[in-house]
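> The residues making up each chain are set out below.
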Amino acid sequence: MSRESEATLETAPIEVYGERAPQSDAFLSVRDLRVHFPTDDGLVKAVDGISFDVHRGKILGIVGESGSGKSVTSQAILGLHKRTRAQVTGQIWFNGRDLVEVSEGDMRGLRGNDIAMIFQDPLSSLHPFYRVGAQISEAYRVHNSVSKAEARRVTVEMLDRVGIPNPSSRYDDYPHQFSGGMRQRAMIAMALVCRPTLLIADEPTTALDVTVQAQILELMKELAGEFNSAIILITHDLGVVAETCADVVVMYGGQCVEKGAVEDLFYRPEMPYAWGLLGSMPRMDRTRQARLTPIPGQPPSLIQVPKGCVFQPRCQFKDRVEGNRCVTEHPELLETAPGHAVRCHIDPAERRQIFTNEILPVL
Amino acid sequence: MIRYIIRRLLGAVVVVWVVSVVTFLIFQLAPKLSGQSPVYYYIAKQPPPKGSVQFRELEHAFGFDRPLLQQYWRWLTQIFKAHQVSNGSGESSACHLPCLGYSFKLHTQVSSLIWDAIPVSLGLAVGASLLWLVGGLLVGTISGLRPGSIFDRIGMVGTLTAVSVPIFFTGPILLLLVVYKWKWLPDVSYASITDDPVQWLKSMILPWIALAFAFAALYARLTRANMMETMSEDFIRTARAKGLPRRTVVLKHGLRAALTPIITIFGIDLGTLIGSMVITETVFNLKGLGWLSIQAIRGKDLPVIMGVTIIAAIALVVANVVVDVLYAVIDPRVRLS
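Each protein sequence line maps, in turn, to chains A and B. Under the working numbering, the first residue of the first sequence carries the number 23, and numbering increases by one thereafter. Under the working numbering, the first residue of the second sequence carries the number 886, and numbering increases by one thereafter.
Hints are computed from structural coordinates only; laboratory data are not their basis. All values derive from a computational prediction rather than experimental measurement. One thing to keep in mind: the hints can contain errors.
To be verified - Under the rule of at most 30 Å between Cα atoms (straight-line distance), these lysine-lysine pairs were calculated in the DSS-like manner:
hint, chain 1, residue 1, chain 2, residue 2
1, B, K990, B, K935
2, B, K1137, B, K917
3, A, K170, B, K990
4, B, K1137, A, K104
Extracted from the complex, chain A is given alone in its bound form (with noise of 0.2 Å):
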């Protein structure tokens, strides 16, 4: 009998898990988004036709460098370019709304509520004049009509949640008050306190040690399994996509060159990019001139993109491809197993045979 009501009660919350699912099985479908800005030297495709899925309890992780157009992309899908300013084209399907046609106002009502955002840089990311509970309670009380006593509640028991101690005290302390580490809880605990169902993390470790680093990643992967929330977590740290992520986007040049499962991508990578960036994770276990390989040259200008592949300029193998396709052709994003995709023009049985033959031991 005991264990028959402990076995519901495991079942209970997939349950209510299967009541709000939508009918699509992605829960966010990003279907070819492109953001160009236009600007006097030209325009400036900082996302060129990007797609992918993200799942309810699920993290997506989008690596690339800086400029390779991982934060644009977050601030499309929260609609935070100025419409003036921005072009953005595709389709953002969010619980069944193109959020590229919905209006401000209704974006609005989605901001914060069922779209939350953790920023980079925490202190610039909160307001240095107002109080840090203040500037939670805010958020509450935009999306839920409740006295300011509630909202102060609600907030409270948030810090508290994300780990902060002495959570009523430090509810009337500035940000300029807080260590690093306390400002990254505190704008989560800001992103949460709604109750968001997609959390975008733009490189929420970027700025913090690495100690404090895991425990708010820890933090993150808890929370978004108590509220049962997607997750995007842009970073270019790939320890971090190993650790946390299920799936990975990687992002060059405003594409998206390779994306797959993470086993895929750490175990079976095949676009040269992507080998790149494996190898230029340090290894401490290494003698210092082995520890890591950069990528030689700069990341594309975006507003002359490179024809042909959008890596090219740097890659080392292109002299594998017959008639300088590299240069002349651009590769479509294509699938070589279920759910693995790669841009790339290199055949793929001759692209695993690089890597394990000449990539993997160097790794």
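Guided by the hints, dock chain B onto chain A, whose structure is given.
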């Protein structure tokens, strides 16, 4: 916060003391450098020939025969001590507290001259600064939110024009048009606010506009630049990501942050304001401190010049303490550091 205010006030006392020393030295020593006896500037007529008994008696009466340090001490303590003043040729008067001296030129206490002038100047300064702050912030905020828009372009050309036009030009033009040509305000003679508030307003509105015009333009440009910078800050993005309405984002999160540098500039501009008030009061014939100082300088009436200088300095120091406190109210980081 209380400690912050006390610290600022103590600092202000020191500044006022330094101002008193500097003022004393300049006005006491400058006549000596020009070879004139300072007595001349005190009694407002040619003193008896140097070396004569009367001359020495006069110098002694004003304390000029003593060492400089003693002279300063005497001058300072006499402010708080009622005493007799005499010009050595029959005219003498009791100097009431606070005794800033006696003007033999105008045959009045300096303090009562200043006392009459303060309400005029205060009304002018407060009204004009309110006008320029409100106008400047309004134009600057709207421009800063939509840089490059029609409003912004017109606003910025307008402010550039306003900055380039001096008060001694706008003042007379305003008088000419509003008072003489269109006769909207036929009578702009000054009345005290307690006697006739409506007439006071009528007499003040043109000086306010003339004085605020140039300043408002400067503040509009400043606000525009600050607003543009603030609106691209990360915390504004956070505010938008929370789903706050645009008005809250702009006013509560944007403008408040954009305001701090403006308040700093405002504190500094109060000094410039005193100079501009001299011109404004002269143009509009308002008998305030600026007008009084011009009268005193023309008449070489040293006690009045010194009195006005000290009072203006104190007013400026007090205003700056207020600005500092305001700054701390807006930016909590200032209070604690």
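> Does each hint hold? Answer for all of them.
Status of each hint after checking the structure:
1. For the given pair, K990 (chain B) sits about 21 Å from K935 (chain B) by alpha-carbon distance, which is consistent with the 30 Å threshold.
2. Restraint check for K1137 (chain B) and K917 (chain B): the C-alpha separation of about 58 Å exceeds 30 Å, so the hint is violated.
3. A C-alpha spacing of about 66 Å is found between K170 (chain A) and K990 (chain B), which places the hinted pair above 30 Å, so the restraint is violated.
4. For the hint linking K1137 (chain B) to K104 (chain A), the alpha-carbon distance of about 20 Å falls within 30 Å, and the restraint holds.
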